[in-house]
Amino acid sequence: MALFGTGSGNWLTSAAGRRLLPEGWLSGPMPWVIAIMMFLMVLAAAAGLALGFAARGLDAHLSGQVTVQIVDANQARRDSAADRIVGAVGKIAGVTAVHRISDNEMTELLRPWLGAGLADNDLPVPAMIDVTFAPGAAQAQRDAQATVLAISPRARIDDHAQWLAPLAGLIGSLRWLAAVLVLLMAAAAAFTVVLAARAALNTHQATIDVMHHLGSTDAQIAQLFQRRIAIDALFGGAVGLLLASLVIFAVGDRIADVGSDLLGSVDLPLTAWGVLVLLPLAGTVLAMVAARMTIILALRRRL
Amino acid sequence: MRPGAANIVQFENVGLRYGSGGETLSDLSFGLAAGAFYFLTGPSGAGKSSLLRLIYLAQRPSRGLIRMFGEDVVTLARARIPGFRRRIGTVFQDFRLIPHLSAYENIALPLRVNGVAEADIDTPVREMLEWVGLSGRAHAKPATLSGGEQQRVAIARAVIGRPEILVADEPTGNVDPDMAGRLLYLFEALNKLGTTIVVATHDLHLISRVHHAQTIKLDGGRLSEPVGPAGGAR
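Residue numbers (our numbering), protein chains in the order written: chain A, 1 to 303; chain B, 1 to 234.
Chain B with its partners taken away, still in its complex shape (with noise of 0.2 angstroms):
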């Protein structure tokens, strides 16, 4: 964590239960600091989901305390989720995208839901469907699109509303190690412009590839090693 950065993120002892069964996540205490940058590492089943869940608001956890942009979000009223939401961008391992909707309807989702005039919605989109390199395929349907794009077009739908943080699960396990870069580039890209950003990874080699990155190792549901620099990871 950098010193003296404000944690935008922070957990607290936090476990997950699914169910009743055993805790997915225990004793989880951590902090995500503003503007940083983090891969999420650890063997299948570790948990890793689970914890991004937990992030990006689909799941409150069993136990414990999260506190996000300096608020308490386990006890926070249902009606001001929404409002949350639409500070986190989400990429969703399996994309997510709403397959009757264009690239472009896609891209153009999270403005509308926030309710950005139609007038003001043209520019950002295409803006960003140049970003990812779709500009081309701005009317093409999910499904006549490449995992490589369709990842684009995920990752293009979540920094549109320029969230306070990103929460990507695995986005580079569908795309050939080329397209992988690029996408890392992109996520380098936005950090740089302050936005926090959590990538759930297997790839190591990815990892390596940003140099300023702290790492959050998980195994079997608890933190293997204090949150540091991504050279722990290798």
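Just chain A, same shape as in the assembly (with noise of 0.2 angstroms):
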């Protein structure tokens, strides 16, 4: 049974066909509800990619990294230290990149809490190494943490994916979260699609006996709401799809204001946008099948 008809069925979607349900499209609740349903199906599955990949943003690029801080109030024996730790780890097969933070980099990046001064204060300050691993380097990391350790026992090593285990976990569960309210805004349309075709059918009642007893299949006289719902499902998901995309712009600019590198992680590349813009279009197809098996299911219980 085609979903769109075929063949001399198509007279249903024609003009003549139309005419046999009279009400205008959008005439009634139903294309607004859809409409809210997928203004918020489409932030919760931005929310989600996005989400996504900021996960993927930040696994690539702090996976494989590690921060070694050496504290030591004597400058001149921290910066042997860390000359010697980074000329050490550097030759450790799978390490790709070995970085001291410069003063004037540990002076930018506690400017926020120390002031501008810090320079000029006797306030010891921590050397900062960072250390970047090649992918699936996990010998490489026992070695370095080993050879740090053997040149500067008091330094720490921070490993940056286990600190960034809970937020990862997190975004884990936030996504999960966006899936099923994405499925579950889907569920909600749909069934206010069987509510709408079910209205519909005790509405034209009359017409469908008659229809019926010309010899019309169940299958012609679904086709001829699925058209309608159709039209209303696809109206009702591109104003949801308008909506959303402006509230998704204006959160993306607020975003951009905080000027968070972790926040500014939360991007929607074009492959996701082209993924909502699928949604209306899912949805609609959804529609047309809810509409249909409603129509076909009640015309069974009929002779």
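Think of the hints as simulated: they come from the structure by calculation, not from any bench. Incorrect hints may appear among the rest.
To be verified - Estimated spans, in silico, between C-beta atoms of each pair:
| hint | chain 1 | residue 1 | chain 2 | residue 2 | range |
| --- | --- | --- | --- | --- | --- |
| 1 | A | Asp253 | B | Asn114 | 53 to 63 angstroms |
| 2 | B | Arg87 | A | Asn202 | 21 to 31 angstroms |
| 3 | A | Arg301 | B | Gly83 | 18 to 28 angstroms |
Computed from a prediction, not measured in an experiment: that's the story for all the values here. Every residue gets a Cβ at the ideal spot worked out from N, C-alpha and C, and that includes glycine.
Assembling the complex is the task here: the two chains are given apart, and the hints tell you how they should meet.
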């Protein structure tokens, strides 16, 4: 049974077929309910997609990175240890980059908390070294740790992946939550269509009876309703997508204003927008299927 | 029944009960010959409309066997019913025209349902409008037509698909005697083309006008006498 009808049944989607159900499109609340559902669905999907891309970005950026912190009040010893660590760790196989954070960079990093005069006071500031490993170089990480501790037993080694694990877990949970919300919205939209299809069946009962007596099949009758519901769903979906897009752009601007690296990684690339644009189309197909099944199941209870 | 004619409809011990009430129709056994003309008569409440509902497949019987076009329609798969209904033309007592469609579109509906190409619809519909004398009212909506005009649109819709059997429930109940005569003329013309006609009516004068017709007389849901020549009804 073709969803869109084929062959001689095409008159159902022609002007003659449309006149069988005289109510104009957008005449009921369904398109607006679907618009609201689609608005929420697109926002939830956008959040899920953005978090997914952010998680991927964080993973690529931070996994395989450690920061070595050398805390020593004596600047000469601190610098000496830092230089030796940079030299020794850089020679370990699997280490792709070793970078000592310069005094200027440290000053910039600490300016929000300690002010601009950091270089002029005697506050001891630890030496920081960023070490980047090749993907999967677990042995290199262990060798680097041993080397660092051999040179400076009081050095601290911060594994980025370790301290970001709770954040990654939170992002993963939020992504699942977004997916569940999208599915719930889709289910709610489908139920709305079911109710609208049943109401339409009742409204047009007399016409359906005549069609049946003239030899119409259930599929022909379902096709009459499918078309209208598809138009309503497509309209509602387009309105929902448009409004949600405006909200997403507005939120994106606000995130950009915050200037946080972490928040800045929450972004929607073109592929994500492609997925969002497909949602109203998927919603329309879902609405057509829901309408068809509702009508055919209802008609099967009659002779 | 014409001797030797094949039965297009055959009832055997058919009973019909609505819900948990008593039987509306009981022990009906008769055949309708292909190409014959029948009047279905009987007092109000005799079960005429129920019998017609069984013939135009709006209802399955509670018991018994009904064969149409050579097949058992009691156990017929639901998916095959539309195909059978397309072979049956029905004129309802209340016309059942679709109110928001014009006379033209109401008449064209069976052809469209049957998958006739749009290009092949206009000619037969205009011929049918002319046949029922409504060429000038093609685009009128049912609400703007008189009872007789609506009746003729209903008849045109019932016969445009050249059904093998035409079932009409009190088709002259809403029209004056002159119009009743014209409608009967339409039925006879169709009958001459080979269509089996079954007309439920109280109008004995109408019955007397079709000399080759036979009557099915119902009383209390049962055949009050065997199916026979229309003279028996007078």
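Arg87/B and Asn202/A, beta-carbon distance inside 21 to 31 angstroms? holds (30 angstroms)
Note whether the CB distance of Arg301/A and Gly83/B lies within 18 to 28 angstroms or breaks it. holds (20 angstroms)
Beta-carbon spacing of Asp253/A to Asn114/B - inside the hinted bounds 53 to 63 angstroms or not: holds (59 angstroms)
Hint check: no violations occur; every hint is consistent with the structure.
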